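Here the structure of chain C is known, so what remains is to put chains E, P and B in place on it, guided by the hints.
Protein chains: 4
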Amino acid sequence: MVPRYARPAMTAIWEPEARYRIWFEVEAHATEKLGALGVVPESAARALWDWWATDPVIDVPAIDAIEAVAKHDVIAFLTWVADNVGEQARFMHQGMTSSDVLDTTLAVQLARSSDILLEDLDQLLAAIRRRAEEHKYTPTIGRSHGIHAEPVTFGLKLAQAYAEFDRCKKRLAAAREEIATCAISGAVGTFANIDPAVEEYVAEKMGLAVEPVSTQVIPRDRHAMFFATLAVIAGSIERLAVEIRHLQRTEVLEAEEYFSPGQKGSSAMPHKRNPILTENLTGQARMIRAYALPALENVALWHERDISHSSVERFIGPDACITLDFALARLTGVVDKLLVYPERMRKNMDRMGGLIHSQRVLLALTQAGVSREDAYRLVQRNAMKVWESDGALMLLDLLKADPEVTAALPVDELEDRFDLEYHFKHVDTIFARVFGEAA
Amino acid sequence: MVPRYARPAMTAIWEPEARYRIWFEVEAHATEKLGALGVVPESAARALWDWWATDPVIDVPAIDAIEAVAKHDVIAFLTWVADNVGEQARFMHQGMTSSDVLDTTLAVQLARSSDILLEDLDQLLAAIRRRAEEHKYTPTIGRSHGIHAEPVTFGLKLAQAYAEFDRCKKRLAAAREEIATCAISGAVGTFANIDPAVEEYVAEKMGLAVEPVSTQVIPRDRHAMFFATLAVIAGSIERLAVEIRHLQRTEVLEAEEYFSPGQKGSSAMPHKRNPILTENLTGQARMIRAYALPALENVALWHERDISHSSVERFIGPDACITLDFALARLTGVVDKLLVYPERMRKNMDRMGGLIHSQRVLLALTQAGVSREDAYRLVQRNAMKVWESDGALMLLDLLKADPEVTAALPVDELEDRFDLEYHFKHVDTIFARVFGEAA
Amino acid sequence: MVPRYARPAMTAIWEPEARYRIWFEVEAHATEKLGALGVVPESAARALWDWWATDPVIDVPAIDAIEAVAKHDVIAFLTWVADNVGEQARFMHQGMTSSDVLDTTLAVQLARSSDILLEDLDQLLAAIRRRAEEHKYTPTIGRSHGIHAEPVTFGLKLAQAYAEFDRCKKRLAAAREEIATCAISGAVGTFANIDPAVEEYVAEKMGLAVEPVSTQVIPRDRHAMFFATLAVIAGSIERLAVEIRHLQRTEVLEAEEYFSPGQKGSSAMPHKRNPILTENLTGQARMIRAYALPALENVALWHERDISHSSVERFIGPDACITLDFALARLTGVVDKLLVYPERMRKNMDRMGGLIHSQRVLLALTQAGVSREDAYRLVQRNAMKVWESDGALMLLDLLKADPEVTAALPVDELEDRFDLEYHFKHVDTIFARVFGEAA
Amino acid sequence: MVPRYARPAMTAIWEPEARYRIWFEVEAHATEKLGALGVVPESAARALWDWWATDPVIDVPAIDAIEAVAKHDVIAFLTWVADNVGEQARFMHQGMTSSDVLDTTLAVQLARSSDILLEDLDQLLAAIRRRAEEHKYTPTIGRSHGIHAEPVTFGLKLAQAYAEFDRCKKRLAAAREEIATCAISGAVGTFANIDPAVEEYVAEKMGLAVEPVSTQVIPRDRHAMFFATLAVIAGSIERLAVEIRHLQRTEVLEAEEYFSPGQKGSSAMPHKRNPILTENLTGQARMIRAYALPALENVALWHERDISHSSVERFIGPDACITLDFALARLTGVVDKLLVYPERMRKNMDRMGGLIHSQRVLLALTQAGVSREDAYRLVQRNAMKVWESDGALMLLDLLKADPEVTAALPVDELEDRFDLEYHFKHVDTIFARVFGEAA
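Those sequence lines, one after another, are chains C, E, P and B. Mapping of the first sequence onto UniProt numbering: residues 1 to 439, in sequence order. Mapping of the second sequence onto UniProt numbering: residues 1 to 439, in sequence order. Mapping of the third sequence onto UniProt numbering: residues 1 to 439, in sequence order. Mapping of the fourth sequence onto UniProt numbering: residues 1 to 439, in sequence order.
Mixed in with the good hints there might be a few duds.
It does not matter which identical chain is used: a pair holds within one copy or between any two.
With a Cα cut of at most 25 Å, we get these calculated PhoX-like pairs of lysine-lysine [claimed, not checked]: (1) Lys-169 / Lys-385; (2) Lys-337 / Lys-71; (3) Lys-385 / Lys-71; (4) Lys-337 / Lys-385; (5) Lys-400 / Lys-337; (6) Lys-385 / Lys-347; (7) Lys-169 / Lys-337; (8) Lys-71 / Lys-170.
Hints are computed from structural coordinates only; laboratory data are not their basis. The model shown is predicted, which means the values in this text are computed figures rather than measured ones.
With the rest of the complex left out, here is chain C:
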């Protein structure tokens, strides 16, 4: 976790105190059910909850000190609770194993993190949608291979991003559902020393589903799927970030990250306005992607479990969630305040001497009976002259002067092919697909 790329609400989920609080809740709910089942006195859970109702400070250093001797984190915590609650605490954790607590807690943390990330996505989607509608009909050149192709609108670019992040949201919702399971199944998952009813009870109380079969641990394919999903979302963040970085290039300059008063772009070059937020997001996306790898390697634990996954998750649990939360929020801010320059978009589009209309001419020629190969040749020979003139020659002029072309296509029909609005007649259809009919 890098503090500058962390926001408080998400970070709080991953702090030791939050973790201990969830531990306690899991243990206390389990003790409650054990009491109801007659396995332990009902007074035990009451004692625990009574103490909890006093809103006790979680004394992390004290717990750490116990762990330094016992070399076992859950035992250390239970000892500390017992020190505070007294004799009734000895009924805690009956028939349970540490992993019951640890894995269920991790599930709670990942589910809560998912909830924040889902909200982040909602805000990002809202920002993208607002800007998409604002620029629904702002013409801009579509580029394939970085080369001018045909016109699109800036709203269409954003509609694409909206659809992509909407898919990300669905994927995250699915990943959240997969990860939110509770296992209280004892030493090797057989429920030998604890009734399955305890698991069901704790699951319900903690807002989780029951893990159908655990082997002391919750199987790590669930976590692999979770972090792989975050990695895919990171890819989509990178895509939009790279798009903005491209648009802000000096030669393009169709959009810019908001540049606040007082900001300095470069210590050496005062004129610089750099797309540093989206570059920063590009790097963060690389990290979030990388975190999926050890999660994938964690799946193949030995037999009923080993603990190699644990050190990995101490890193990637917080780091992936915190960084993604930060990145989504940062991207939302970038989109929200993005400076968009429609005039520049128009200027760029016009610089190619009308080459972007070449396909329409090609189609018109074939529709007028010219063979595809001949049409291609006719258009290309004129297009290449325009290309090589670096915008000085206009395609329409050259075509009008090419007798082989005009033999097939009258001049007025040629001119019709250079109309910009022609390209936007289905923008509404696409918006309706992406944002719903009311869009």
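For chains E, P and B alone, coordinates are given in the frame of chain C:
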């Protein structure tokens, strides 16, 4: 693609001929709809389908030869079709761009591959289930950290694998749904030169959903999610493979890959029977995981598209699908014919002098009123003696001889704690959760 | 391996026949030394080499057929050789294990592949150097964050690439040295049944170093380092490819991949000239990077060895080497024939109204006694006006009209700061560092 | 960074204060040289060093506060220094760019980290060597595929690990050399506003080499190579960790991590002694490997630089170095205190009824004139009986009773083949190769 790790049905999907066949179908369906819309003569599609009905051989070398000049694969193919069909063929591909064909075709290939993989998973699940039911109550030791913990059954191990691959199947079904979209939206995805109705028609004919918004290409977050999902499945394959490799170790030898007559384990050591299939699967899992990475890096294409994803997909499209298909089938065979040795499982379990029952004694002591800390100390001091005797001493004997223990727990109650069946009372519950109530 | 991304010389190294040839050589050399040591008759090696001198066709299908029964590739090969050579062949492989042959052979293949890759790098370096010298003083704008910064020369860009690939060459030479070892140490690497002198002899004959300690297999950290090194080289390929893709963007167009007559850029848009080779290289770089991952996971084989690395290496051995060979050659071609447009470079540089000189003015002001903060403020307020004018205003004009500026710096000194040559005074120094003093 | 996996000396290198200290030194040395060159007053550097001699506290919160407004870290730091040093500070940073400071500082941090890691490797190597010599002739079974193969010694296992980590040390030394470069080349690396002599001077003072050609930034292929090298080292850590985890398995138990008094293995099962340190190392190895990926993706920065690498390096710079330092130290402790059980090794070796000697019998038969195929068949048919008896039958007994065997090989020669010492005759050779002649 490594031929020895490839099966014919899956490989066929990825051969050039299959690809060209799908190309043709996409083009012909599109031409048909363009005819219905009056954009091209209806005779065009008829000419195409008439030729197709003659079941023409796809002349791959001829197409390659054209591509060598044109340096464009789709143009080469269209030229070859035109050479065969004649004049009517010039109406093909009207208003379309190469990516419309390429991306829709890739979607078909990935969807068909998914169908095979889903069948593979069904067969794997069936094999696991059969063996799970066969060994529902075969006792074996559960191990955490590679160390004996408490008893489980071999059926439970397999039930866990079943639940895991069942999740994999759901994930793959979701990934298939995501990947199976059709885009026929023209040069930069605006439908400027092609009616969205064509896309809808081709989608329906090819069994795909409509891509809501494309930018010449189908967005690559879909493919990233697809290959990430295959990577997670690979993790689960590795897990079961590693389990079997562990069980076949000389010192464990609780199960073995089937060893056919005539097979030689080692050119130097004739006695060797090695778990080579599951080791092989472990390596294949590493490859399938690796293929997810470039798919994740493919998401951030430049602007409306660049073509950097294409070379990646020429590798990972076939390699990931073909290898996963092979791996699932190989794993199914391993599970199906796995030699299982219940007697050896029992022998291994007994070698620890009853230490595996220590937790039950611990619980009994606390339930009898001993503090958790004292109970732990009492059990541990006897357990450590057994441990150090390497199976020569029996825990039950030592406990009976420990007056502090017997003061809390009568000898007959102590003996009760060493009953194996006690651990299996919830096997049925777990099986019902995994396989359904009828299990 | 994707045939379209493969060149014959590299591919040949990885074909079954080449592999079997190396197997034979390893076995025959070993038999020769075993003969000299008196372990087997000297006639055995003679019989092998006599047969070899007849230049026998390697009958791959026959060997495959034997393997289908024996399920062991080395035994299958030895059987086939014995079928051809006769009785003397039974002395082959005495005291050896399959891995002795397989791992030594892989070392030979990787060393030979390295030799080709080193030649590829030499050719790439030569092409870069030639173009660097050609454009040593071709002015072009340096860009940080995609934003114009200060002038560089196109030769400097290429000098940087040269230095980077020169480092890659050194890394590859080191990786080659690490990977080129011979192990003939028997079943578990103890030389129990084979004299270390055999290993030394075969190593020398095959051009390898002796593996100091093997455990049946050559340790896989060597291979991990090898493939990780290829991954770093892929990163450098991507960097230069991305640079060219940026330069070819419509708005930049300072350089272009060579566009051959007859080539079609787009089936739909005849005017397109796309940087498809460098996009293609970008994708290949992703693949080569990905192949490093399973190589890293291969290191931790179980005990003296398991065989999980083998399936991985059947993929990445050929795929990484063949693809990198292809990529280096393709990049060499791109650099060699790159169309460079110095005029456009100059035009782009001038479009910012002289903003690129802002730092020099800043320095001049501070040297003239203005505090750094004030100087920054003075330059920035004028720079921002130029920036917002989109090239219509000139920085020099504005500064001349700013009394606070001219109070500190006379107009002629201001003008001095806008001299382009000023930036190139150390180009020679850098070239000497990169290419040597004679450059 | 996870505090529990961090050691103070390494962590200190990566704390903000350490970073600022290096920043200051770089700036002050540069100012000193600029003074000597007459570009700035010589008094400037004196003022800086005088202040530095007062050992000022680096006021991190104050610098952060300035950055919060300026949104630029280097400017914030320079401002803070100027606030402390006074007017002379305005001569700092003349002609430099932020990256000159940042990248040179990162080089210093990575070089210092490398020095710690090299020391870590020295200590690990010393521990491994000590234990290798201790167990040079401790017999233990060699295992391929997890299956008993032939005898080795425990010292040989460790000699292999020694050789592997010795290679890692050489790789790290090479990576350190590559990463330790200084760039003070100004805005886009042209030295337009700063003499190359400044770079040379600072490089020498900071213990770095000169970067031959930089583009504002030090090229990131250097960093990619550095982190890839750490990833390879992580692989070797995992290998040794996995070996120990295997040896500690209940059924094997040939070695154990040291288990300290007071340690609790399991909250539920008091008898457990788990290899948690090596499992923990396995997970850490996964993380260190993962950090190489974004470093590889960082290579292809745009044009002269973008800043996407920066956020990545804020994570992986500290996280990879700190975690690897911790892992190496932890592994050293594990090796140093490893409990080794030679008697158990012997017991395990003997459990196979002498099957491990099968190859020697095979060889003896072929040397006695039996064809390889017949010899294999004779040995295998007896070996399989032993195998199936689970150690109850002895191979030597069965061979003596097989007339086809004794027809070829007299009984006393058969018995000779079952001598353990035979396998260790080259241990000395291997030790000399690994540890040098004096070993």
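These are the hints, each one checked on the structure:
1. Taking the closest pair of Cα atoms, Lys-169 and Lys-385 never come within 25 Å of each other, the shortest separation being 47 Å inside a single copy and 42 Å across copies.
2. When the C-alpha separation of Lys-337 and Lys-71 is checked against a cutoff of 25 Å, the pair qualifies only between copies, where the shortest distance is 17 Å, while the shortest distance within a copy is 50 Å.
3. With identical chains, the CA atoms of Lys-385 and Lys-71 are at most 25 Å apart between copies only, with a shortest distance of 21 Å across copies and 77 Å within one.
4. Taking the closest pair of Cα atoms, Lys-337 and Lys-385 come within 25 Å of each other only across two copies (21 Å); inside a single copy the shortest separation is 41 Å, beyond that limit.
5. Taking CA atoms no more than 25 Å apart as the test, Lys-400 paired with Lys-337 passes in neither setting, with 44 Å inside one copy and 34 Å between copies.
6. In this homomeric assembly, Lys-385 and Lys-347 come within 25 Å of each other (Cα to Cα) both inside a single copy, at 20 Å, and across copies, at 20 Å.
7. Taking the shortest alpha-carbon separations for Lys-169 and Lys-337, only the intra-copy value of 22 Å comes in at or below 25 Å, while the best inter-copy value is 42 Å.
8. For the homomeric pair Lys-71 and Lys-170, neither the shortest alpha-carbon distance inside one copy (41 Å) nor that between copies (35 Å) is at most 25 Å.
Checked against the numbered hints listed earlier, the structure breaks hints 1, 5, 8; every other hint is satisfied.
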